[in-house]
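Visitor: Assemble chains B and C onto chain A, guided by the hints.
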Amino acid sequence: MAPLEHYLIVSALLFTIGVMGVIVRRNVIVVVMSIEIMLNAANLAFISFGRFLDSMDGQLIVFFVMAVAAAEAAVGLAIVILIYRNRESTDVDEMNLLKL
Amino acid sequence: MALTDYPLITWMVFLPLLGGFALMLIQDSDEAGGQRVRAAALIFSLITFLISAAIYYGFQADFAGMQFVERGQWIPRFGISYHVGLDGISLPLILLTTFLTPLTILFSWRDIKSRVRFYHMALLFLETGMLGVFVSLDFFLFYVFWEGMLIPMYLIIGVWGGTRRIYAAVKFFLYTMAGSVLMLVAILWLHFEAGTGTFDILVHLSRPIDPALQGWLFAAFALSFAIKVPLFPFHTWLPDAHVEAPTAGSVILAGVLLKMGTYGLMRLAMPLFPTAAREFATIIMVLAVIGIIYGALVAMVQQDIKKLVAYSSVSHLGFVVLGLFSFTLLGATGGVLQMVNHGISTGALFLIVGMIYSRRHTRQIEDFGGIARAMPVFSIFFVITALGSIGLPGLNGFVGEFTILAGTFSRSIPFGVAATSGVVLAAIYMLWMLQRVLFNGEPSRVNSRLPDLNFREWVVLVPLVVLMFWLGLYPKPILGKIEPSAQAWLRQVNRRVLRVESPRKAPLPQAVLSSSLKGLRP
Amino acid sequence: MPVVIPDIALSLAATEIGLVILICAVIVADMFTSMENKSLMGAFSFFGVVVLGFVALSGWGGGVRTTFSGFYVLDNLSVFVKVVILAATGFTILLSLQYAKIERFNHGEYYVMILFAVFGMLVMASGNDLVSFYLGLETMSISSYVLVSFIRHDPLSREAGLKYFLMGAFASGLLLYGIALVYGLTGTTSLLGIAKTLGGANGAAIGADPVMVLALILIVAGFGFKLAFVPFHMWLPDAYTGAPTSITAFMSVAVKMATVAALMRVFFIAFPSVAGKWNLLLWLLAVLSMVWGNFAAIAQTSLKRMLAYSSIAHAGYVLMGVVATSSFVDGKVVFLPLGVSAVLFYLLAYMVTNLGAFGMLILLCREDYRGDNIEDWRGVGRAHPWAGLAFLIFFLSLAGLPPTAGFVGKLFLFGAAIQNEYYWLAVIGILSSAVSAYYYFRVVMVMYMETRAESQPVVEFSKAPSLLAVLVILVVATLFLGIFPGGFIEAARGSIAGFI
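Protein chains in written order, with this note's numbering: chain A, 1 to 100; chain B, 1001 to 1522; chain C, 2001 to 2500.
Pulled out of the complex, with its shape left as it was, chain A reads as follows (with noise of 0.2 angstroms):
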């Protein structure tokens, strides 16, 4: 079995990747799914940990995770939807209404 450093580098890889997504990236919809990549990195620490702990939490935890995810993506994207119905445009650099 490959050794819980090998898990938590991926997961890490995963959670940098997502959070430079969020930060680099202008199109809403790749910024909610970079989000997504988030919690699925957390989610893989939590599994890879509960195997090497020995304990059933970290599986059962990731439960709850993907269906918070699940609930999140549901409205975030009804949101980006009704934005899109009026603006034709997905990029969080438009967003500029509310500024000082």
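For the record, the hints were derived by calculation from the structure and aren't laboratory data.
The beta carbon of each residue, even a glycine, is placed where N, CA and C say it ideally should be.
Incorrect hints may appear among the rest.
Said to hold, decoys possible - Keeping only pairs whose Cα atoms sit at most 25 angstroms apart, straight-line, the calculated SDA-like set for lysine to any residue is:
(1) K1171/B / L2431/C
(2) K2101/C / A12/A
(3) K1113/B / R2382/C
(4) K2463/C / K1113/B
(5) K1171/B / K2101/C
(6) K1171/B / K2038/C
(7) K1171/B / R2382/C
(8) K2277/C / L8/A
(9) K1307/B / I1413/B
(10) K1113/B / V2459/C
(11) K2038/C / L82/A
(12) K1113/B / T2451/C
(13) K2277/C / A12/A
(14) K1171/B / R2378/C
To be verified - To be clear about the criterion: a stretch of chain B counts as covered by chain C if any three or more of its residues have a C-beta under 8 angstroms from a C-beta of chain C, and this derived list gives those stretches:
(15) 1146-1158
(16) 1168-1176
(17) 1185-1191
(18) 1439-1450
Guide: Same frame as chain A, now just chains B and C:
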């Protein structure tokens, strides 16, 4: 039953507040309603004055401690209590407050035409705030009144003031606010860190505070009060506020609000931190002397009478501070007396300027000249008041300034000499102004038609002038009431505190780690 | 092996269970209500919330009780927080009744989403495990995303919803990863379990692990985003400005209350042994929030946006109380009750004040006129003395001037900081609060000292009795908490029983 058994102070302090709320019930939409509002406000302030007179009557002159003390729990968890009382230092200032308020209401009878009810509410709330500051013996209570009085004054300047009223109001507000928040930090330190767990001022006055820490605490308190006085580099809000405020606002501001600074120095900053007060004394005396001379010089070149009077306040209050920091009995007694004197003379001067402004709608000295012919009675009042402000023997200003100078000379001759030059300068700018406004040739056509004082103005000015003569010729009753307290105060500020054991806060409750872990989870 | 049915004391979670029943009832009732009568759903929710408030209150004084295998705790702290949250909810619903019609979002779902958010908050208040916190937080946040973008026909509201959603989801990702790392290091997500491990034999080694530091930073950042501490605040002004005013009010008090309660529980219960690390981070966030929040607010022309920035500063004051709870004696941390009770009292004071301030904005709101710019309040104090006085009292309280709730709250926050010798924190905080007086009083100035321009529409206040009643209650409460705070201070103090 003796007078002291009644909660007179509470009645006196909160009656104006009550009156302010009562005014809400009166409609001021028409002229008759406005008259009713004015009359009601006048009645409330007169009753307040009568209560303070009763306090004066029941005050025991030979007793130096707090009298008419009332005390009750308020927020016991933090040692906050409703604790009020007065002594010979606060008594004259209380009388000054209750005396000036009805006069200002009377004066602004025709002056204030818009939002009459709102104006009188602000004035009455202000009176409660001022009286509260003078009687509070609990820091929490003190601070509530201290800050609470800021809002009505801010509104009085900002709503009914002159052309630059908003600028003046904001400046006044920010200066005072900035000073008082640092005082709050020091108060909190006294409460939480000094280990007393109480906000009671008397308790704190009786406890010595480590001299090593006194410097910071004194600075925090003194800054707040120095802004209010105002001491020399912090005075720039004052001319704006005075000039822009409506006459009644200027009278209250000069007559009472400025005294809060000197009163605070005297009641709190100096006796709480005597060592630091002595260390800072030279610096503060230098600032006071600079204020005396600078204020007088700037007053001399003013074209606007009201501004001249405003700058003369900077000069006069410098005398008070000088007297306090001379650490002599004469200085302290004179300081208290001079606070009252300044309140009366400068209050009267602002009223007089207001009277002439309401006739002529200008305050520029050059617009006048020779109006003594047109308004002889007015001119007599003006001259007497100005002479009282200068400190002519026989009038009130003389007694205060003389005792302060005597106290200062006994401590330091250079300071005494410098301060005396301030008296000379005061004579110059006042008399020169009088000459240019009242005498100097023939009155112009407009000025020659100015009506002399009407009945209401007589009523406003006569009591002030009577007081000026009374305090100038026979100051003994009031001095006799001040002196025992001043002596006690002097003992307090002269006590030497050596090292105090480092203050430790109340024993810490034992800790989270053990208690939260215990027995909750398997 | 016999099957053991776990002993779950459902009665402890009576408030939450009752709330779920209420939510279901409102959803069902909503189906049978015509579009014109949706306000009935608001009234229905309001009465439900009032009842639940009393249910929550009945848990007071019962000591520390846990259920759901330690996921859920009922103690005085959670009761205090829940009652305040439910009170805020009740006020918000009353504020919304008329406003929802004016802004044309009067749907039954509006009240349902508010109740869902409240459910999340209640779970957070009672969370005794990082996972239950996370779930409560997400329930609250996801409902809030919907609420912020609830005025669907308003582009501002939609955009605010999107910004809030992106930042909120990002923050929850950070928080979750932090939780995952803590789980990996300590082998548990239970707060007490984490504290036990960190305080145990290997605790020092785990505490010093850089991964632990990373985990703490992630958790602090997650909370920082949710509570909008500077520099994690950039979403807040936009979200608060675009959201329906009633929701802005609701978020600024209820979300804050729940999240701060959760933050205190997580840091004080789970991580006392590494307090030195997180305390420094929080210190920094507190200072930045107080200073930047207040200075940025000065430049605003929109009153709503100014109040949004001021809420950042207020979050900073609250965080100051959290920071000031820890006292370090000989390298060991000791938590003093004054800090926590000051935080709780301040949040209560802020609840009545800020709801009132936003309520004033709603009061001025009409179909064709939002009235959330400072200019819109020109001369209002002159023409409408009562409304002016009410707003003045709310501003006094926000600026921390006596005799109002905000003054007493700030007094004890600063007192806590001074008691634990955080002098710089107290001085920075108090100076920045003097700055805040400037911009609050700018509105007072506009209200009283300037005259209304000819071009401006005549002031016409809403006459909805529910709105007026709430505002009167809030004004009275603001003054009452400022003059007779004794009982509430005792309650805040009592809520620490079993906590610290």
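Visitor: Does each hint fit the structure? Answer for all of them.
Guide: So, going through the hints one by one against the coordinates:
1. K1171/B / L2431/C: 16 angstroms, holds
2. K2101/C / A12/A: 48 angstroms, violated
3. K1113/B / R2382/C: 14 angstroms, holds
4. K2463/C / K1113/B: 30 angstroms, violated
5. K1171/B / K2101/C: 43 angstroms, violated
6. K1171/B / K2038/C: 50 angstroms, violated
7. K1171/B / R2382/C: Cα-Cα ~22 angstroms, so holds.
8. K2277/C / L8/A: Since the Cα atoms of K2277/C and L8/A sit roughly 24 angstroms apart, the hinted pair holds (cutoff 25 angstroms).
9. K1307/B / I1413/B: 31 angstroms, violated
10. K1113/B / V2459/C: 23 angstroms, holds
11. K2038/C / L82/A: 23 angstroms, holds
12. K1113/B / T2451/C: 16 angstroms, holds
13. K2277/C / A12/A: Since the Cα atoms of K2277/C and A12/A sit roughly 23 angstroms apart, the hinted pair holds (cutoff 25 angstroms).
14. K1171/B / R2378/C: 20 angstroms, holds
15. 1146-1158: Holds: 7 residues of the stretch 1146-1158 of chain B have a Cβ under 8 angstroms from chain C.
16. 1168-1176: Holds: 4 residues of the stretch 1168-1176 of chain B have a Cβ under 8 angstroms from chain C.
17. 1185-1191: holds (count 4)
18. 1439-1450: violated (count 0)
Consistency note: the structure conflicts with the earlier hints numbered 2, 4, 5, 6, 9, 18.
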